[in-house]
Amino acid sequence: MHGRPRKATKQEDPAAAAAKSARLRELQSQLLHFHHNRIYTKEAVSVSSKLLEINPEIYTGWNYRKLAFQHNLKEVSDTDTDTDTETIKSAIEDELRMVEVALRRNPKSYGAWYHRKWILGQKLVLANFDHEFRLLDMLLKADARNFHGWNYRRFIARLKDVSEEEELKFTMDMINTNFSNYSAWHNRSMLLSKLLRKKAKGFHEEESILSDEFELVRQALFTDPSDQSGWFYHLWLLDQTSTPHKPHLVSSWPSDKLNIEISAQFKEKCERFPIIFCFNQQVDGVNLATVTINSKLVSSEHITWKPLSANNSRKSKIWVGFLENFNKYCDNSEGLSVEISVHCCESIVHSEFVMKLSHMDHQGKNGDGFEELFLWDCPKSQEINPYLVSYDPWRLRVERVEEDAKWHLDTLSAEIALFKEMSECDEDSKFVKLTLTRLLGAHNSIKSGGSAYFEEILKLYDDLIKLDAPHYRYYRDERSLVLLDQMTSSKDSLVEYCSRCENSSFSCINPQLCINFSGLNLTRIGFVERLLWVQILDLSHNNLTSLLGLEALQLLVCLNLSHNQIMSFTALEPIKSLQSLKVLDLSFNEIGSHPVDTTRYLCSSPLSHSCNVTETMEELARENIKIGDFWEAILLFESLQLAQLDMQGNPVTNERFRVLVEKVIPCLKWLDGKPVR
Amino acid sequence: MGELAVEKHAQYILSVEKRKDDFESLVMEHLRLNGAYWGLTTLDIMHKLGSVNPDEVVTWILSCQDKESGGFGGNVGHDPHVLYTLSAVQVLALLDRLDAVDVDKVSDYVAGLQKEDGSFAGDIWGEIDTRFSYVAICCLSLLHRLNKINVEKAVDYIVSCKNLDGGFGSIPGGESHAGQIFCCVGALAITGSLHHIDRDLLGWWLCERQCKDGGLNGRPEKLTDVCYSWWVLSSLIMIDRVHWIDKNKLSKFILNCQDLEKGGISDRPDNAVDVFHTYFGVAGLSLMEYPGLKPIDPAYALPVDVVNRIFFQK
Chain A
0 MHGRPRKATK QEDPAAAAAK SARLRELQSQ LLHFHHNRIY TKEAVSVSSK LLEINPEIYT
60 GWNYRKLAFQ HNLKEVSDTD TDTDTETIKS AIEDELRMVE VALRRNPKSY GAWYHRKWIL
120 GQKLVLANFD HEFRLLDMLL KADARNFHGW NYRRFIARLK DVSEEEELKF TMDMINTNFS
180 NYSAWHNRSM LLSKLLRKKA KGFHEEESIL SDEFELVRQA LFTDPSDQSG WFYHLWLLDQ
240 TSTPHKPHLV SSWPSDKLNI EISAQFKEKC ERFPIIFCFN QQVDGVNLAT VTINSKLVSS
300 EHITWKPLSA NNSRKSKIWV GFLENFNKYC DNSEGLSVEI SVHCCESIVH SEFVMKLSHM
360 DHQGKNGDGF EELFLWDCPK SQEINPYLVS YDPWRLRVER VEEDAKWHLD TLSAEIALFK
420 EMSECDEDSK FVKLTLTRLL GAHNSIKSGG SAYFEEILKL YDDLIKLDAP HYRYYRDERS
480 LVLLDQMTSS KDSLVEYCSR CENSSFSCIN PQLCINFSGL NLTRIGFVER LLWVQILDLS
540 HNNLTSLLGL EALQLLVCLN LSHNQIMSFT ALEPIKSLQS LKVLDLSFNE IGSHPVDTTR
600 YLCSSPLSHS CNVTETMEEL ARENIKIGDF WEAILLFESL QLAQLDMQGN PVTNERFRVL
660 VEKVIPCLKW LDGKPVR
Chain B
0 MGELAVEKHA QYILSVEKRK DDFESLVMEH LRLNGAYWGL TTLDIMHKLG SVNPDEVVTW
60 ILSCQDKESG GFGGNVGHDP HVLYTLSAVQ VLALLDRLDA VDVDKVSDYV AGLQKEDGSF
120 AGDIWGEIDT RFSYVAICCL SLLHRLNKIN VEKAVDYIVS CKNLDGGFGS IPGGESHAGQ
180 IFCCVGALAI TGSLHHIDRD LLGWWLCERQ CKDGGLNGRP EKLTDVCYSW WVLSSLIMID
240 RVHWIDKNKL SKFILNCQDL EKGGISDRPD NAVDVFHTYF GVAGLSLMEY PGLKPIDPAY
300 ALPVDVVNRI FFQK
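Those sequence lines, one after another, are chains A and B.
Numbering-wise, numbering that gives the first Met the number 0 puts 653 at position 654 of the first sequence, and it's gapless, one number per residue.
Numbering-wise, numbering that gives the first Met the number 0 puts 238 at position 239 of the second sequence, and it's gapless, one number per residue.
Just so you know, the hints here were simulated from the structure itself, not pulled from any lab data.
There's no promise every hint is true.
Claimed, not checked - SDA-like, lysine to any residue: derived pairs with alpha carbons at most 20 angstroms apart: (1) K9/A <-> D269/B; (2) K116/A <-> G125/B; (3) K221/B <-> N150/A; (4) K147/B <-> G178/B; (5) K193/A <-> E288/B; (6) K625/A <-> F310/B; (7) K465/A <-> K246/B; (8) K159/A <-> F310/B; (9) K161/B <-> M0/A; (10) K19/B <-> M0/A.
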């Protein structure tokens with residue numbers, strides 16, 4: 000099926016072709032006949048040999064041979080025990096020879112390889128390991144990337160109980176023969192990480208092992224910079240160097256020592272107060288047993304913890320605990336003081352905060368709020384924001400940097416220097432530039448404060464977009480993340496994007512500050528752990544297709560996503576968990592214009608067995624609404640309690656759709672700027 | 000850009016269905032059921048399924064079923080295997096004729112192939128491969144019988160095949176390969192387990208499959224091939240990273256692999272065509288929203304309207 004030219008190079012003689020076909024047809028029907036009638040004579044088996052030699056892909060042929068092998072062996076053991084071993088050996092040899100014949104025909108035949116594994120895996124006799132390794136050497140010499148061969152090699156090595164260290168040497172031999180051997184590098188990385196994890200003899204000093212590997216891959220990259228294997232291996236080494244093994248806390252809401260002012264309305268309306276912990280890696284085990292609360296009024300049982308992740312995951316980077324019925328705690332003048340300790344991932348983190356009723360209250364609106372349309376015209380604010388005052392994304396990081404980051408920083412600095420040199424010599428190498436962005440980024444993530452390499456990284460991505468145009472959207476995504484990192488890296492940089500909302504009538508935590516990230520060409524969201532306190536977020540006029548990260552912003556009340564490139568309702572999965580969300584502007588996106596949904600499996604739905612057809616859907620089905628057409632919208636909107644929604648400017652929006660929305664969101668007050676009946 | 004020669008390809012597929020006696024067809028006789036799936040799904044995506052007699056197809060499919068085990072073989076008289084069982088179920092789903100089989104008998108066959116460690120064998124002979132994990136999970140899901148297997152262990156096994164470059168191999172330690180990656184990502188998608196994937200890491204490995212000629216290869220330093228337009232593309236779509244490749248260039252590559260005279264699509268420009276590559280080329284174009292084609296679901300590899308019908312209609 001692969002690699003045959005369209006126009007045959009020489010015309011085959013029709014008579015010869017017909018004879019070939021007839022022979023194959025004959026052999027196939029004979030095989031099936033013998034197979035169905037369980038005939039395992041020598042003649043019958045030799046038919047299967049001839050057939051499999053011509054076409055090793057006929058899997059029923061290999062099945063037949065296994066049955067014949069079992070049958071004939073059983074016959075032998077039923078009779079003479081003396082000739083047992085010889086007969087068994089000879090039978091096995093026949094099968095192994097058959098496999099070799101087949102592999103000569105097609106070295107990638109699944110059926111042939113498995114047959115060999117099956118025979119030797121029976122362990123009826125000790126395998127001739129020399130022969131097996133020689134066969135492998137021959138095949139891997141002919142094609143060093145044959146993954147069947149590599150898989151079989153791992154099988155034989157396990158069968159012979161070859162040590163990982165020895166196999167590591169083999170990968171070195173293969174790499175030395177030819178640096179361009181992704182399969183060998185892959186095997187090497189697997190073996191090394193196993194040995195490092197086990198802390199096997201000679202592999203305790205992770206740092207010195209990794210240094211040696213950097214040296215090795217450097218040789219490969221210099222010898223043949225156009226081959227990709229080295230670059231992928233280097234990326235793995237970089238990840239080993241820059242990712243801490245143990246997870247740790249990155250940020251929390253409320254942040255430590257924070258004084259929070261809430262309005263009387265907020266205290267009234269908000270039944271559950273979210274407490275959020277963000278880790279640098281996915282963790283599990285945040286629960287009643289691992290979280291201790293120290294407070295006069297609140298005890299552990301008042302908080303239920305859950306991971307903020309899609310679908311069925313028990314692990315998450317972000318955990319939220321809801322303080323139930325908290326409005327009854329804030330009645331006294333002292334306010335509510337809570338100290339939380341989380342004992343997880345071998346560390347203890349504290350957060351102590353105080354919540355008080357605000358003295359400045361709003362004009363005592365009594366309703367649910369949103370009797371007036373919320374408008375997104377927040378002027379820039381010069382006001383001191385208490386959250387910004389204590390805003391320091393690096394605070395939690397500093398404690399960590401002290402511990403053995405020295406080797407990591409030194410190694411990264413050395414690599415950075417080397418790659419900068421390479422970049423000067425070879426302007427057009429995309430991999431050099433890309434690796435440099437990753438090195439600089441890794442250095443940024445470890446070294447706190449100081450001069451971050453932001454401008455340099457942004458310029459490199461601009462270069463990469465020109466150099467490697469087909470992948471420009473990958474570089475744009477990476478660039479967005481760097482930009483967000485830069486914008487949120489300190490209070491001085493973040494204050495540029497703050498504005499104050501005057502016209503809101505909703506309950507809130509004071510003051511109502513809006514973060515305005517509109518018009519920045521952002522294609523994705525990141526560093527949300529630094530924005531856990533945000534209640535009003537303007538992301539309009541960007542290029543967002545993904546909203547991943549927004550699930551962490553549990554305090555969000557108003558969200559503006561207008562004029563972006565959101566292509567379906569499933570892309571909004573991250574905001575499903577935002578229980579406080581009241582105002583959502585989705586106008587002028589692309590919902591309804593894409594027949595292919597790229598977030599179809601990243602949301603909870605019956606297709607991925609992560610939720611069932613809901614009651615709302617069943618009700619709507621009874622009203623003759625085709626839920627198959629609208630399931631994405633139904634699942635999204637039924638889990639939110641929006642007061643205000645804007646959908647105009649999306650192809651999906653029509654009268655039928657508006658009717659559906661009003662049905663699914665009973666508490667909606669405003670739709671597309673007009674009051675809902 | 001050239002155009003997709005829908006008429007020619009439809010005629011090519013129908014002609015392959017009739018051709019059984021030449022050497023090439025004989026050599027592939029053992030996977031004719033796969034061929035039926037590739038051909039009929041392609042016809043449906045091109046809105047040409049009407050040229051086929053569904054009753055004839057259903058009858059033939061049922062004749063490939065092994066009455067004892069409930070599994071399907073690649074052709075009449077061939078041994079049952081999970082690969083052909085999936086194709087059978089997919090074609091029946093396509094034709095909305097899932098009622099033609101004893102659903103529990105087929106599901107019991109598939110579910111019975113799961114091992115202690117969560118992996119799946121392809122048949123009674125025990126070959127283990129993540130391809131079979133995907134095939135089993137997809138098949139059982141279409142039959143609404145996923146509860147017959149231990150889903151958690153199945154997921155755990157697949158995750159154990161995850162490599163350090165973010166990709167997946169056929170067995171633990173196996174090198175990342177786009178075909179295996181599709182199978183693992185698809186299985187994780189169907190079981191709501193995509194959170195096990197580092198989508199940025201895998202997404203980048205996958206988007207680097209796009210080569211200078213615009214086509215996609217299956218792993219680093221290998222040749223481009225139209226079939227990777229499916230394996231790589233559907234994987235990218237399931238993890239929402241498809242925007243990391245240049246869809247225009249890929250479309251051009253696929254269209255260049257057409258045989259505009261006789262119909263059909265080949266692995267590379269000017270190579271011999273076959274139903275396998277015709278399906279993958281058309282399916283790839285469908286995933287890229289090529290005008291006039293029905294959208295195809297990236298996880299179940301069936302048209303979206305077929306999948307929606309199975310999951311949203313009682």
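Against the structure, the hints:
1. K9/A <-> D269/B: Distance ~16 angstroms between K9/A and D269/B Cα, so the pair holds.
2. K116/A <-> G125/B: Holds. K116/A to G125/B sits at ~10 angstroms (cutoff 20 angstroms).
3. K221/B <-> N150/A: With Cα atoms ~18 angstroms apart, K221/B and N150/A stay inside 20 angstroms; holds.
4. K147/B <-> G178/B: Not satisfied, since the Cα-Cα distance of roughly 26 angstroms exceeds 20 angstroms.
5. K193/A <-> E288/B: violated (43 angstroms)
6. K625/A <-> F310/B: holds (13 angstroms)
7. K465/A <-> K246/B: OK: K465/A and K246/B at ~17 angstroms, within 20 angstroms.
8. K159/A <-> F310/B: violated (49 angstroms)
9. K161/B <-> M0/A: violated (28 angstroms)
10. K19/B <-> M0/A: holds (16 angstroms)
Violated hints for the displayed structure, listed by number in ascending order: 4, 5, 8 and 9.
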